[in-house]
Amino acid sequence: MLDNTVEVETPEHVRFRFRAAGPTRRAWAYLIDLLVRAGVLLVVEIVLLLATGQHLRSSGAVFNGGTLLALFLIEWGYFVAFEALWNGTTPGKRGLRLRVVKEGGYPLSFMDVVLRNLLRTADFLPVGYLLGVLVMTWDGRFARLGDRAAGTMVVIEDPVRVAPPIVLEPPPSEAEIESFPHRIVLPLPEREAIELLLRRRDLSPARRLELADMIAPTLQRRWGVRLDDPVRFLALVYHLAVGGAAPSRPREVPPTQIGDRP
Amino acid sequence: MNRTQDEFVAARKPAWDELDSLLAKKSLLHKLPPVSISRAASLYREICADLMRARGAGFSGDVIDVLDSLSARACAALYSAPPARSAGLRALITTGFPTSVRRHARFMALAVVLFVLPGVLGFVGAVRSRGFAIQLMPESMVAQMEKSYSDLGHGRAETTDSMMASFYVYNNVGIAFRCFATGLLFGLGSMFFLVYNGLLIGVVAGAVTAAGHGRNLFTFMAGHGAFELTAIVISGAAGMVMGYALIDTGSRSRWDSLRAKARDLFCMIMGAALMLLIAAFIEGFWSPSSVQPVVKWVVASLLYVLVLSYLVFAGRHSSARPGR
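Those sequence lines, one after another, are chains A and B.
Start counting the first sequence at 1; every next residue gets the next number (the working numbering).
Start counting the second sequence at 263; every next residue gets the next number (the working numbering).
Among the hints, erroneous ones may be present.
Quick list of in silico lysine-lysine cross-link-like pairs, DSS-like style, CA-CA up to 27 Å [to be verified]:
hint, chain 1, residue 1, chain 2, residue 2
1, B, Lys293, B, Lys275
2, A, Lys102, B, Lys293
3, B, Lys275, B, Lys287
4, A, Lys102, B, Lys523
5, B, Lys558, B, Lys409
6, A, Lys102, B, Lys287
Source of the hints: derived by calculation from the structure; they are not laboratory data.
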C-alpha cells in the first residue's frame, strides 16, 4: 500500500499517526512563500524609493544598501523567523495546512529551525531543489536533507471531523428484521465499505443510491433478502451486524471540526 | 462496555471537544492557567485510551483520524520544546561557540590549510603574472579591483559606507552559509568553497599588489579580516564536521551520527554568522575610513589577538561540562 502515514510513539507508549507531506504539496507552499517574499521585497523597495526620493535609475547608496539588507534578511531569515515564531509554519505552509514538527511529533526548537533552513542550500543543488526532491523519494517521511539533519518532518494538518452516525429512519420494522437471517456476520472490509458509503457527507443522494446499488445485490444474494431501497438495505445490514445508534431517538450531531486552527 | 461506534462517539465527543478547545486557545499550553493544563493532561490520557480503543474495535477511519490528530496536537503541546530564551544567545557567545570550535580543532586546522594554501598560491601567482590572475577572474574585474584600491585613504561618503556594509552582510554571510551547507555532500562542498574563496582572495590581493597598491589593500583588509576570514574558515570547518559525521558514523546510522553533532554545528555556524555581521560593520565603516594606516594596523592586530584569544580561551571554565 502506498502510504504516507508516519507512526509516532509517545513516552506513554501511545502510537498515533501523522500524514507526511509530499513534494508537490510542499512545492506549492514554497511557491506561496516565494510570492510573499517577492511581495515583501517589493514593499521594501517602494518604501525605500519614497523615503530616499530617488528614481530607480539614479538609485543611490541608501537604496542599494537597504535592498541588499532586505535581500539578505529575506533569503536567510524568512523561513527561520516564521518557523521559529509560528511553531513550524510559514504563510505558505499555513495556506496548504502544513507544519514542520520533530520526528517524534514535538514542536521544533530554534536549533532545528536553523539547521533545516540553512541546509536548504544543499537541498537546492544542483538547481531547483532537485537533490532535495530526490532524497525525499527515499524516505517514508519525505524528508529532504535539511529535515534529516535536523530530525524534522513536514506533516499535513487537514481538518478532520467525525462523520455523522448512521441513523436508520424510520426504525426497522419487524418484517424487515424478520427477512434477515438470525445472525449476520459482516467481514471488516465490507463493513468499512458500507460505512464509507453511508457516513460520507459529500455524496448526493443520487450518487449514494447508485453506489449502493452496486454493493447491495451481492449481499442481498448472500442472505436471500429483497429490499427495494439499496441504501436502506445497507443501513439495515449495518445496524443488524454492528448495532447502530438507537433509531428511536434520532440525534442531530452537528459535525464538529477538530484539528482546524484558524 | 461493548458499545457501537456511534454510541462511543456520542459518549466521548464532549471530552474531545473540550481538549480541542483547550488546545485552540493557545498553541503554547504553558500560558494557560494551571487548572487548564492539568485538565488538558488528563484529557490527553483519556483520549489516548480512546484512540487505542477505537483502533482495537476497528472503528471507521474518520474517528481514528480525529483522535490521531487530536492526540498528536495535545502531545506536541504537552511535551513542547524548551522555549527560546535570550539567555541562549549569551550562552552561545560565552561558551557554546568557542568550545564547539575547539572541540573540532582538527577540522579547524584542515580548514585553515584549505583556505590559506590556495590563498598564498593565488597571491604568489597573481603577483608574478597578470595572466595567472586573468585565468581565474575576468580581466575587467581584475582591473576594477586594481583601480578601486589605487587611492584608498580618503574615506568614503557615509552613505556609501552603509551600502557597502549591507553588501558585505549579504555577500559574506551568504558565502559562509553556502560553505557550511554544501558540507552535507560528505564535506566536499565545504572543501571546494574554502579552496575557491581562498584562491580568489589570494588572486585579488596578488593582482592589486602587482599593480602597486598592495599596501592600500592590506591596510583595508586587516581590520575586518580578523573576523571575516576566521568566520569563513569556521563555517567551512563546520561543513566538514558535518560531512565527516556522515562518513565516520561510529556505531550509529549516518543521520543519527550527524544529529549527534547538531548542537556543535548550530553553535559554530551561528557564531560564524555573528562574526560576519561584526566584520560587515567594520568593513563598511571602519576599514574605508580616512584613519591613519598606523592606527588601522594597531587596531587590526588587537582584533586578531581578540578573536584568537576568544576562540582559544573563552568558556574554558565551563568546557568541562559537556555541551548538551
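Hints versus structure:
no.	hint	verdict
1	B:Lys293 with B:Lys275	25 Å, holds
2	A:Lys102 with B:Lys293	21 Å, holds
3	B:Lys275 with B:Lys287	18 Å, holds
4	A:Lys102 with B:Lys523	17 Å, holds
5	B:Lys558 with B:Lys409	21 Å, holds
6	A:Lys102 with B:Lys287	22 Å, holds
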